[in-house]
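> Now for the letters of each chain:
2 protein chains.
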Amino acid sequence: MFIKDEDFLRDRVPMTKFEVRSISIALLDINKGDKFVDIGAGTGSISIQAALLGADVVAIERDKEALELIRKNAEKFKVEIEIIHAKAEDVLNGLEFDKCFLGGSGNEMDYIVDIVDRKLRRGGIIVANFIKLSNANKFIENMSSKGYSVATSLVSVSRMDENGLLKANNPIFVVKAVKCLEVQS
Amino acid sequence: MFIKDEDFLRDRVPMTKFEVRSISIALLDINKGDKFVDIGAGTGSISIQAALLGADVVAIERDKEALELIRKNAEKFKVEIEIIHAKAEDVLNGLEFDKCFLGGSGNEMDYIVDIVDRKLRRGGIIVANFIKLSNANKFIENMSSKGYSVATSLVSVSRMDENGLLKANNPIFVVKAVKCLEVQS
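Going line by line, the protein sequences match chains A and B.
For the first sequence, the UniProt record's numbering begins at 1 and goes up steadily by one.
For the second sequence, the UniProt record's numbering begins at 1 and goes up steadily by one.
None of these hints come from the bench; they were simulated from the model.
Each statement offered as a hint is correct.
In this list, chains with the same sequence are indistinguishable; a pair is considered to hold if it fits within one copy or across any two.
Simulated crosslink set (DSS-like; lysine-lysine; CA at most 30 Å straight-line):
1. K167 / K179
2. K132 / K167
3. K17 / K72
4. K4 / K146
5. K17 / K32
6. K76 / K35
7. K76 / K179
8. K167 / K146
9. K72 / K32
10. K78 / K32
11. K17 / K35
12. K78 / K119
13. K132 / K146
14. K72 / K119
Same shape as in the complex, but just chain A (with noise of 0.2 Å):
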């Protein structure tokens, strides 16, 4: 049900990785049938992870590499999920969605998670990782302006290697805001 990170195809293509992958799922309180969108979906790990536990997935990745990849996992681990390939401000507007992931961001951050608010439902959820701390915080204000409930977490893993030795990952900004299920006045 939990797949590791060395079961997956990766080639270059970034992953998140699976500490912070079984973080981000739990947070998002996947649920059988639940709408789920994964922005970015690099290789498809979340996506697949999230369609194992039952949720609709779409898929959206704009890397032709990493599209292919997406594919070939979902193949590998027998789930179905939507894979589009386009930049998500183009086609989050077509999408109606109770939960979405994040797994980082570029210059049109501001723009797709205004997107994300228009057309998540209210107590919808949404999870985001970020490397940079700059992206992180412009993601919290953000958020708690448009009335979210904002969570973050930085986690840090170090994976003990065969000699022994902890080798630290990257530490990540886990970020979980929730739509709150009133309209504010």
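Model the placement of chain B on the given structure of chain A, informed by the hints.
This is chain B only, laid out in the frame that chain A set:
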């Protein structure tokens, strides 16, 4: 499907926190129908999360106050788990299981692990959390000497509070040990 820390009844009983709980559950690769034993179940947070994901759960706890919390939490989240009030070493021999969680360690750890090793099915998984380096190291050496495949992470999580301060949780050693499939000669 994934429970937040604040939704568990806790009192003063120690609890595996959300991020480390999510990682531990994912490392255990909890699947529907898994026979899962939670040794020193505390508030029952791991037991209940595993049950929600479909495992058949036995929670062992020797502390009476904690026992009552497990009952109440199981009721709150509407899961059926078998709760045993005992020292693990007194009841493990009567159980068969695929997966096992060790939430900490008393003086009896080596003895308990010996029994777990005998009763765990081949290919089965033990995940253990340690706050003390010495106990983590003892467990890693013990499982390695028994021929288990061992993977260790050190997980440090800081959570942002309402004032924007990153408040650190204690770093936790999260160890996964997989029992080898073949009998060693």
